[in-house]
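**Q** Sequence:
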Amino acid sequence: MSEYEKTPHFRDETPIARGVKHDAPYDDIEHRRGSRRKSSVISAIKDNYGIANTRSSSDDIASIKQGQDFTHRKLRPRHIQLIGIGGTIGTALYVNIGRGLLAGGPASLFMAFTIWCSVIMMVTNTRMVQNLARVIGPKAPFTSLSPLAARQKRQDTNECSGMSEMVTYLPISSPFIRFAGRWVDDAFGFAAGYNFFIFEAALVPFEIVACNVIIQYWTDSMPAGATIAIVLVLYAAVNLFAVKYYGETEFWMALGKVLLIIGLLFYTFIVMLGANPLGDRFGFRYWKNPGSFATLYTYEGDLGRFVGFLQCLIQASFTIAGPDYVSMAAGECENPRKVLPKAFKAVFWRLTTFFMLGSLAVGILVPYNDPGLIEAYDSGAPGAAASPYVASMIRLHISILPDIVNALVLTSALSAGNSYAYCASRSLYGLALEGKAPKFMTKCTRNGVPIYCVVAVLLIALLAFLQVSNNAAVVLQWFVNLVTASQLINFCVMCFTYLQFRKALAAQGISRDSLPHKSFWQPYGTWYALVLCFIMTFVGGYTVFLPGFWDVPTFLFSYTMIGVFPIMYFVWKFIHKTKWVNPAEADLKKDLDEIAYYEQNYVEQPPRNWVDKWFNKIFS
Numbered sequence: 001m002s003e004y005e006k007t008p009h010f011r012d013e014t015p016i017a018r019g020v021k022h023d024a025p026y027d028d029i030e031h032r033r034g035s036r037r038k039s040s041v042i043s044a045i046k047d048n049y050g051i052a053n054t055r056s057s058s059d060d061i062a063s064i065k066q067g068q069d070f071t072h073r074k075l076r077p078r079h080i081q082l083i084g085i086g087g088t089i090g091t092a093l094y095v096n097i098g099r100g101l102l103a104g105g106p107a108s109l110f111m112a113f114t115i116w117c118s119v120i121m122m123v124t125n126t127r128m129v130q131n132l133a134r135v136i137g138p139k140a141p142f143t144s145l146s147p148l149a150a151r152q153k154r155q156d157t158n159e160c161s162g163m164s165e166m167v168t169y170l171p172i173s174s175p176f177i178r179f180a181g182r183w184v185d186d187a188f189g190f191a192a193g194y195n196f197f198i199f200e201a202a203l204v205p206f207e208i209v210a211c212n213v214i215i216q217y218w219t220d221s222m223p224a225g226a227t228i229a230i231v232l233v234l235y236a237a238v239n240l241f242a243v244k245y246y247g248e249t250e251f252w253m254a255l256g257k258v259l260l261i262i263g264l265l266f267y268t269f270i271v272m273l274g275a276n277p278l279g280d281r282f283g284f285r286y287w288k289n290p291g292s293f294a295t296l297y298t299y300e301g302d303l304g305r306f307v308g309f310l311q312c313l314i315q316a317s318f319t320i321a322g323p324d325y326v327s328m329a330a331g332e333c334e335n336p337r338k339v340l341p342k343a344f345k346a347v348f349w350r351l352t353t354f355f356m357l358g359s360l361a362v363g364i365l366v367p368y369n370d371p372g373l374i375e376a377y378d379s380g381a382p383g384a385a386a387s388p389y390v391a392s393m394i395r396l397h398i399s400i401l402p403d404i405v406n407a408l409v410l411t412s413a414l415s416a417g418n419s420y421a422y423c424a425s426r427s428l429y430g431l432a433l434e435g436k437a438p439k440f441m442t443k444c445t446r447n448g449v450p451i452y453c454v455v456a457v458l459l460i461a462l463l464a465f466l467q468v469s470n471n472a473a474v475v476l477q478w479f480v481n482l483v484t485a486s487q488l489i490n491f492c493v494m495c496f497t498y499l500q501f502r503k504a505l506a507a508q509g510i511s512r513d514s515l516p517h518k519s520f521w522q523p524y525g526t527w528y529a530l531v532l533c534f535i536m537t538f539v540g541g542y543t544v545f546l547p548g549f550w551d552v553p554t555f556l557f558s559y560t561m562i563g564v565f566p567i568m569y570f571v572w573k574f575i576h577k578t579k580w581v582n583p584a585e586a587d588l589k590k591d592l593d594e595i596a597y598y599e600q601n602y603v604e605q606p607p608r609n610w611v612d613k614w615f616n617k618i619f620s
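By UniProt numbering, the letter at position 222 of the sequence shown is numbered 222, and the numbering carries on one by one without gaps.
Among the hints, erroneous ones may be present.
Claimed, not checked - BS3-like cross-link-like pairs, simulated, lysine-lysine; straight-line CA separation at most 30 Å:
(1) Lys579 to Lys589
(2) Lys577 to Lys590
(3) Lys342 to Lys577
Claimed, not checked - Ranges between beta-carbon positions, derived for each pair:
(4) Val552 to Thr219: 29 to 39 Å
(5) Leu278 to Ile404: 17 to 27 Å
(6) Pro523 to Val544: 47 to 57 Å
(7) Tyr377 to Met222: 45 to 55 Å
(8) Phe284 to Ser511: 48 to 58 Å
Everything labelled a hint here was simulated from the structure, so no lab data went into it. Ideal Cβ placement from N, Cα and C applies to all residues, glycine included.
When you get a sec, could you build the whole thing from the sequences and use the hints?
**A** Given below as C-alpha cells:
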C-alpha cells in the first residue's frame, strides 16, 4: 500500500474519495482488500477509456492526486435543484425590471424577455433521451462500471441541456472554464476563466449595495458602511466553512425567492380580475392605454419603439442568468450525472415561470408612464419602492404587502450575492487547478473549501464601500454595465466551447448517442445563441453614441471587458506559445478516471431527516 493510501485524507479529502459513500465502514477488512479492489476498478476504467494499463494501482491512485482537487461532494440533490431554480435570482427580476418597462412598454418587455429566454434555452436546452442503454456500444466511453451507472443508463427519459451534455460528461470543478482551455485553446481558457471570475466577483458588491438600498426602504438611519460590513461578514461565515452550509443556506433563501415570484404571479392574476381594494377589474388595460410600446429618448414612430425594445433586450440580457451557476457546482455535487440533468431541467421552468411570466405580469400591473414608478427611478428610491409590483400595490391602495415584498427582495439579494461569491471563488479555484492562477489558490481546508479563493472574492467585495462616497444608483449602474458585457462574453464562450466539443467527439469517433446526456437542435441552436450573444455584447452600451448621451464611465464599464478579453487571450498565448487545439487531439479523457471511480463507489444514502425526505420528493 502506498504512503498516499495510508494518509488520513484518503477517506474524505482525496479527489477520488470526496463524497464517496462505502457500503461498509472503512475498517481493517476494507484496508486488506482495498488494494485489490482499487486495482480492478482502475483496470476497468483504463479499458473503457482507452488508457494504457502501464502502471500499478498505487501509481494510478497517486496520479489522480495530481489533479489536486480537494473540494468535497457535499451538495445534496435538493441543494442543486434550488440552486438551479432560483440560486442567482436577485433584485433585477423584482426591481430593475421596471426600467425595461419604462423604456419599451409592456409588449417590448415581454418580447425581449421571451427572445432572450430562447437564447438561454439554446445554451441550456432540453431533450428527451430515450433509453441510452440501447444505443451505447461496447466501445462507448461510458460503459457502466457500477449498478448505479447502469440504473442511470436504463432511465427511459432524461431531460438535459447543451451545457449538461458537457458537464455530465465530465462533472469537475469549474467545468466550462477548464473545458475552454482543454478543447479550444489554453489561452482561450485563460481569458474565459478570468472573464467569468471578474463577472461573478463584480456581482458580489452589486448585490451588497442592493441590500443596503433595500434596507433604506424602511429607514435611512443605518449607515451604509455598517450594512455593507454586516453583509460581508454573513457571506464570509457561509462561504468559509463547509460547502454543505452554503448549500443549506442557499436552499432556504432560494426557496423564499421561488415562493415570492409565485406569490407575485398569483397576486397579478387576482388583482387584474378585480380582487383589490378599488374593485378595479383592469385586466390588460395598460396594454391599450397608454399602449403596448413606448418610444425612447427623442425618437418617434417605429424607430423610437425599436430603441425602446432594444433597451428591454439589454435589460433582459442582464436579468436572465444561464446554466453556468448550476455547472459551477458540478465538482461538489453528490452523484452529479444523475442530479445535474434534473437541475438543468429546472432552468427551463425558471425561464418560463419566473422571467417570461414575470415580465408579462409587470406589464399588466403598471403602465409604462406611471408617475410613481418614474419618480422612484429618477430619485433613486430605495428597495422595493422602485419595484413595479410595489408601485401597483400603491396604486391599488394595498398596505402591508409592500413591506413583505421588500423583506423577500432583501432575501433575494442576499442569496444572489452568496451564490456569486461561491461561483467566483470556484472559478478562481478552477483557474488555479489548471495552472492559470497562483498555486497556493488550490489550498483547501479540511472541509474542502478553497480558502484563499474565498478570501480573494471577499476582498473584491469591499468595492461595495464605493457607495459610501457615491450615489447608490450610480454605483449599481456601474456594476450592471460591467457585468452585462462579461456575462454575454461568457455565453459566447460556452457556445463556442460546445461547438469545439462536438468537433472533438466527431474527430475521435465518439458518438453523441453514447454520452450520458444529449441536447437537441444542435448545432443550430448553439449557433443561434452564439450570434445573438455576440451582437448584444457590442450593443449593450450603445446609448453613449447617441447625440447628447456621451458618458465616460458608462462607456468604460460597458466596453472594458470587450477589450480586456482579447488582451488576456493574446498575452497568455504569446507568453506560453499555446496553439489552437486540433479536435482529433483534444483531451476528452482527463479526469474521467476520478468520475468513474466515484460512480463505482457511490452508494446513495437515505434521507437524513424529514426535510431531506420531503424536499427530495418535491424536487426529484
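**Q** Against this structure, judge whether each hint is valid.
**A** Quick rundown of the hints versus the structure:
1. Restraint check for Lys579 and Lys589: satisfied, since their Cα atoms lie roughly 19 Å apart, inside the 30 Å limit.
2. For the suggested pair Lys577 and Lys590, the alpha carbons sit about 22 Å apart, so the restraint of at most 30 Å is met.
3. At most 30 Å may separate the alpha-carbon atoms for a hinted pair to count; Lys342 and Lys577 exceed this at roughly 40 Å.
4. For Val552 and Thr219, the Cβ-Cβ distance of about 34 Å falls inside the hinted range of 29 to 39 Å, so the restraint holds.
5. Roughly 20 Å separates the CB atoms of Leu278 and Ile404, a value that falls within the hinted 17 to 27 Å.
6. About 35 Å separates the C-beta atoms of Pro523 and Val544, a value inconsistent with the hinted range of 47 to 57 Å.
7. Distance hint check for Tyr377 and Met222: the Cβ-Cβ separation is about 23 Å, which falls outside the suggested range of 45 to 55 Å.
8. At roughly 49 Å, the beta carbons of Phe284 and Ser511 sit within the given window of 48 to 58 Å.
Of the numbered hints given earlier, the model fails hints 3, 6, 7; all others are met.
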